[in-house]
Every structure is written in C-alpha cells, then in structure tokens.
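*Asks:* So you can see what is in the structure, the chains are spelled out below.
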Amino acid sequence: MAADRLSLVFGALADPTRRAILTRLTEGEATVAELAAPFRVSQPAISRHLKVLEAAGLISRSRRATARLSRLEAEPLREVTTWLARYQRFWDESHERLDDLLAALQAADQGGHNE
Amino acid sequence: MSKTEITAEPGIPLIVMTRDFDAPRDLVFRAYTEPQLLVRWLGPRDLTTTVDRYDVRDGGRWRYVQRDPEGNEHGFHGVFHGAPSPEAIVQTFEYEGVPGHVMLETTTFEERGGTTLVRTVSSFQSVADRDGMVASGMERGVHEGDERLCELLARLQVG
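Sequence lines, in order, name chains A and B.
Numbering follows our numbering, in which position 35 of the first sequence is assigned residue number 35; successive positions increment by one, without gaps.
Numbering follows our numbering, in which position 148 of the second sequence is assigned residue number 1148; successive positions increment by one, without gaps.
Each hint should be verified, as a subset may be incorrect.
[Unchecked claim] Just some of the chain A residues that point at chain B, by a computed CB distance under 7 Å: (1) G11; (2) A14; (3) Y87; (4) W91; (5) L98; (6) L101; (7) L102.
Hint data in this document are derived by calculation from the structure and do not stem from the laboratory.
These numbers come from a predicted model, not from an experiment.
Think of the CB as a built atom: it goes at the ideal place given N, C-alpha and C, for glycine as much as any other residue.
Could you put the whole structure together from the sequences, leaning on the hints where they help?
*Replies:* This is how it looks when you write it as structure tokens:
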C-alpha cells in the first residue's frame, strides 16, 4: 500500500467514533441514523466522519430510497494489519530468542562457567 | 499474545517498542552491545546476522548484514551518539536498501525487581519514512494470513 494511502487510513482510524462506526458496520450495512443512534452526536457530525472513512476507502456508500447506506470495505484494514504484523513478527521472534539467550547466560553464570 | 508492545501512532513519525526481560539490566545491555551475543538473537531464526563492525563508544560506527534463506542480503549501519551505557543507547540507523533515510533510535534499560524493561523509541525523518520502513525495511517475504476483522478492530482500539 502506498504510504500516503496508509496515512489516510491511519488518520481515519485515529478517531474513536470512527472506529466504533467501523465496528458497527462489521455487523452489516447501516443508515446514517442507525450509525448515529449510539452516539451523543448529531447526524451531520456522523456524516462528516463517514466522509473521512469513505476517503480512506474504509467504507463505500449507496442509496436505498431516501436513505444512504454505509458499508464496510475490509481491504485497507487488512493491509494496515499486514503492515504492522510483519514488523511485530520480526521483533516478537527476536525478543523470544533474546529471552532464551538471557536464560542460557544466567544458567551458565550460576553453573560457574561464564561464557 | 505478544509480549512486545509496538505503538505506531498515526501522523507522528515515531515507533515506540517496549518489552520486559527476565534478566538483570547489565546482562540485557550486554546482549544488545556485544556482537557475539547480538547475532544470537537479532532477527527471526531464518535470518543469519553477521556483524561487520560494532564500535560501542561515542562516535563509534556499527554495521551488520542479515541474510535470508534465499541468500538476499540486507545491510544496516549507523553511529553511536554518546557512550552507550545500561542507562541508554543512542544511535542512528540506516537501512542500506534505502540510503539517506536515517532514523534515530534511543534504547533505555530500566531494572525493576530482577526484570528489565527495554524501551526503544525510533524517530524517523517523516511519517512516510516510518510507514515505508515498516512496509519494506524489515521485509521478509512473509505471507500473512488474513486476520479476522473483529480481532483487528479490537487491536486498533487498543493500539
């Protein structure tokens, strides 16, 4: 994923209301009114959040009669997870090896033969 | 559950990493600064690390190369700023695959009750540099399986 798109996705995810909206959309499509219901914010405020999510490619929007439906687009989220997961895996595995090394060094110290 | 905590805030060119080790501070510091120990843990098991130089002093240079099973080599180098001590190691870090994109890394070691908390703050020249580093600098060609979206969202809430 291009770095600028990554920034857009991160920017969109930085807000707790927008993350809550995404979580709600994992259950299925929803109208603005449905998305606004759990929050103490106005529908126009929710609409602004939806625009940010749409610009980041995290949701798509369609019309049903007079209502606008929002729908989760999972791909950018998957890319973001992969982005950090690879880095996380590198360090997880390094640090597990370091755990083993530190244990071996301490055991050697206690056994009286220092490395 | 991962013991290594990595935080990459949106819009800020930093990566903060913390990890507790069940060992006294001096020993953890040795593992970070003695080349013959460093090569025994730095990087996943399928990478072979060779230290070219590791001059642990103020202004000292360091360089190591990591080889993957396919024979690809990735070189990294930098300079220590200030004398590295169990208090802190300050160094620059540059991946030779992307020259000119230098990062500043500060690692601190805090002992408490026999365990040592290691905290590394990596500061990049820009957010784009950070994102690119994570995306390609530690590239291992690992194919990630898809993760379930709900778990992902839960993690993003925490992160």
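*Asks:* If you check each hint against the structure, which ones fail?
*Replies:* The structure conflicts with no hint, since it agrees with every one listed earlier.
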